[in-house]
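Student: Using the sequences provided together with the hints, build the complete structure.
Protein chains: 2
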Amino acid sequence: MSEIDIFVFLYMDIFNFLLASLEVFIMEERVFNFSAGPSMLPLPVLQRAADELVVYPGAGMSVMEMSHRSPAYEAIIGEAETLLRKLMNIPENYKVLFLQGGASTQFAAVPLNLIGKTGKADYIVSGQFSGKAFKEAQKMGYDVKCVATSKEDNFTYIPEVTRDAFRPDASYVHICFNNTIYGTKYNYIPDTGDIPLVADMSSCIISEPVDVSKFGVIYAGAQKNMAPAGMTLVIVREDLLEYADPKMPTMLEWKTMAENGSMYNTPPCYTIYMAKLVYEWILSLGGLDVMKKMNEEKAALLYDYLDNQDYYIAPVKPQCRSLMNVTFVTGDAELDKKFASEAGKAGLKNLKGHRSVGGMRASIYNAMPKAGVEALIEFMKKFAAENPKA
Amino acid sequence: MSEIDIFVFLYMDIFNFLLASLEVFIMEERVFNFSAGPSMLPLPVLQRAADELVVYPGAGMSVMEMSHRSPAYEAIIGEAETLLRKLMNIPENYKVLFLQGGASTQFAAVPLNLIGKTGKADYIVSGQFSGKAFKEAQKMGYDVKCVATSKEDNFTYIPEVTRDAFRPDASYVHICFNNTIYGTKYNYIPDTGDIPLVADMSSCIISEPVDVSKFGVIYAGAQKNMAPAGMTLVIVREDLLEYADPKMPTMLEWKTMAENGSMYNTPPCYTIYMAKLVYEWILSLGGLDVMKKMNEEKAALLYDYLDNQDYYIAPVKPQCRSLMNVTFVTGDAELDKKFASEAGKAGLKNLKGHRSVGGMRASIYNAMPKAGVEALIEFMKKFAAENPKA
Numbered sequence: 001m002s003e004i005d006i007f008v009f010l011y012m013d014i015f016n017f018l019l020a021s022l023e024v025f026i027m028e029e030r031v032f033n034f035s036a037g038p039s040m041l042p043l044p045v046l047q048r049a050a051d052e053l054v055v056y057p058g059a060g061m062s063v064m065e066m067s068h069r070s071p072a073y074e075a076i077i078g079e080a081e082t083l084l085r086k087l088m089n090i091p092e093n094y095k096v097l098f099l100q101g102g103a104s105t106q107f108a109a110v111p112l113n114l115i116g117k118t119g120k121a122d123y124i125v126s127g128q129f130s131g132k133a134f135k136e137a138q139k140m141g142y143d144v145k146c147v148a149t150s151k152e153d154n155f156t157y158i159p160e161v162t163r164d165a166f167r168p169d170a171s172y173v174h175i176c177f178n179n180t181i182y183g184t185k186y187n188y189i190p191d192t193g194d195i196p197l198v199a200d201m202s203s204c205i206i207s208e209p210v211d212v213s214k215f216g217v218i219y220a221g222a223q224k225n226m227a228p229a230g231m232t233l234v235i236v237r238e239d240l241l242e243y244a245d246p247k248m249p250t251m252l253e254w255k256t257m258a259e260n261g262s263m264y265n266t267p268p269c270y271t272i273y274m275a276k277l278v279y280e281w282i283l284s285l286g287g288l289d290v291m292k293k294m295n296e297e298k299a300a301l302l303y304d305y306l307d308n309q310d311y312y313i314a315p316v317k318p319q320c321r322s323l324m325n326v327t328f329v330t331g332d333a334e335l336d337k338k339f340a341s342e343a344g345k346a347g348l349k350n351l352k353g354h355r356s357v358g359g360m361r362a363s364i365y366n367a368m369p370k371a372g373v374e375a376l377i378e379f380m381k382k383f384a385a386e387n388p389k390a
Numbered sequence: 001m002s003e004i005d006i007f008v009f010l011y012m013d014i015f016n017f018l019l020a021s022l023e024v025f026i027m028e029e030r031v032f033n034f035s036a037g038p039s040m041l042p043l044p045v046l047q048r049a050a051d052e053l054v055v056y057p058g059a060g061m062s063v064m065e066m067s068h069r070s071p072a073y074e075a076i077i078g079e080a081e082t083l084l085r086k087l088m089n090i091p092e093n094y095k096v097l098f099l100q101g102g103a104s105t106q107f108a109a110v111p112l113n114l115i116g117k118t119g120k121a122d123y124i125v126s127g128q129f130s131g132k133a134f135k136e137a138q139k140m141g142y143d144v145k146c147v148a149t150s151k152e153d154n155f156t157y158i159p160e161v162t163r164d165a166f167r168p169d170a171s172y173v174h175i176c177f178n179n180t181i182y183g184t185k186y187n188y189i190p191d192t193g194d195i196p197l198v199a200d201m202s203s204c205i206i207s208e209p210v211d212v213s214k215f216g217v218i219y220a221g222a223q224k225n226m227a228p229a230g231m232t233l234v235i236v237r238e239d240l241l242e243y244a245d246p247k248m249p250t251m252l253e254w255k256t257m258a259e260n261g262s263m264y265n266t267p268p269c270y271t272i273y274m275a276k277l278v279y280e281w282i283l284s285l286g287g288l289d290v291m292k293k294m295n296e297e298k299a300a301l302l303y304d305y306l307d308n309q310d311y312y313i314a315p316v317k318p319q320c321r322s323l324m325n326v327t328f329v330t331g332d333a334e335l336d337k338k339f340a341s342e343a344g345k346a347g348l349k350n351l352k353g354h355r356s357v358g359g360m361r362a363s364i365y366n367a368m369p370k371a372g373v374e375a376l377i378e379f380m381k382k383f384a385a386e387n388p389k390a
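Sequence lines, in order, name chains D and B.
Residues 1 to 390, numbered by this note's numbering, are exactly what the first sequence covers, in order.
Residues 1 to 390, numbered by this note's numbering, are exactly what the second sequence covers, in order.
No lab work stands behind these hints, which were simulated from the structure alone.
None of the hints are false.
Pairs involving identical chains hold if they fit within one copy or between any two copies, as the list cannot separate such chains.
Quick list of in silico lysine-lysine cross-link-like pairs, DSBU-like style, CA-CA up to 35 Å:
id : residue 1 : residue 2
1  : 255       : 337
2  : 151       : 338
3  : 145       : 117
4  : 247       : 120
5  : 338       : 381
6  : 120       : 86
The structure presented is a predicted model; accordingly, all values stated were derived computationally and were not measured.
Tutor: Set out below in structure tokens:
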């Protein structure tokens, strides 16, 4: 042992004690962050990332510095896929891709990869992002049809759609499974028959179990429930890799990415490592069944409170309520503004609704502790008492 | 002050002392990483990132958790742009974009954004990545011409090209300014007259000053000299934002990204924060003039050694040598393999040449300390002495 080693060894006990104290201190400092995305990450994940940031154990370097072709990094990305497959129970005939560009890039990639089958695709527009996905395909010149929308009711519900709504020769049907902005969620999986169902799950991925085999493609930006921003997950059934437009940008081709294990070029290595830590954290808690129970409990606290008072209004139809994004308004734009501002000062951050909608939105993803929801409800009670409506 | 605050305050001195000891310990543990990308990051940057990872000062949350629309994050991305503009002396009529997808995505984005001007573009192919860029534009069905290449000499030099080489009606001329795989670099800026010059600078960006005004577009993946993988820098002259293909994927449109301050969707927030720390680090050392001097000094050490021995062969023509990627071979594939393996055991990692070329490659980006280059040369001497050629 070198002198430094001995020194560190001798002082490790007191050092660990002080470190633990600092962690308590850090806990004190942290706020409850209700941001819709990027959003809260589990504290144990952040602490582990901080511990390993300068030197990843055994590697002599940071994960940020690793060649993506190195055995150390290949173990990390391989483990990320293995853990996600376990977590989501992904069937073997589905490829798992870790890409870049966010869900917004997939709005273009979906038709570029899939519409070649028949030249047509159908969309359900239940919120802003599914609307963007539809418009993107339209802009690119494809024959796409909006088969159902809840736009006329300000997206306060999810359209109920049966199999006969879809064009029989559609290459796919596109939906957004949870609408971050409006706080709605599908409570059923649309029956599309033989037509592949493509779902943007950015704001509900790994929040509860989902039967992957009912979907042709699932995609999701990482920055709500999986990792920091900068990684996009695509889960695609193998037989759907054959319809890509030959002239499309290679980087958007799922087949190319699948054949290269998401390493056709350098992947967003560190963000994938963070996702791996998040998958480990969920598995350590018991997996998606447990996560669902925790998320239902948190959401129930908030919805039960909303349903049993008359100061705040929850605009979403009860059967379409999201477990992840809970929207409410006071009915007075000035009070809404005051609410978000005062909540922020009380350590409850980012409760302002999306700029296109207004009101309030509490995003309570996997990493939001129950204590955060409880603190929010206490604040809501206090605010209602202190700010009577005119 | 709470009890915890007082406790932490009292013990801060001894804590800082122990922390400093631990940092020395960490230094001991770190290897010299010659990876071509992702590659070494400056140790002070990694340490600061680790310190701030769980709670960014004053924010109550990690940078990874910040809404990209929050004032705290807007300050970070704004500062990243300001620092980069200062560092590179970027003229006001250029937009700075922080995107995703790597340089490989730009291989498609360049023609999609620019070729609309005339429908034609010219390429110089001086290595693998400029070849890939050319092929991507070809695959997409565009009228592109390879006006010069050094392929016949295994890319050991950069073609010398004068203005008459280009088609007068080309929308742009594309080059790769530093060839990571072959270890070559332009020692001149091609004179393209009025035709915008587009340069992939992934492996030499911010390694030395460059006159941005000579280029129409400069783009670079972050993972060599700027940040971890997952961010792509695009610097584009404003008048070139008007030629985009109206049917192209919106996420690849520079104009859309420019109009939205790189936030049309969620940007790779944390990677941009890391880039900001790197820009700060370079400015704290004195900027790109100082960085150039340091890089020239490191490269000269290695090239001088290579020029004054006869065990290793440096295949690149001296006037085209890269400051960032230094390639050499023993002339014996078995010895090359042994070299990379034994160097790795000696704490000199990732010296194996690119899988398409073989031999050795030492990538000595900004963050590689001079001590790393010195250690490499010592190892090279020892290896040559211990492994005489048959």
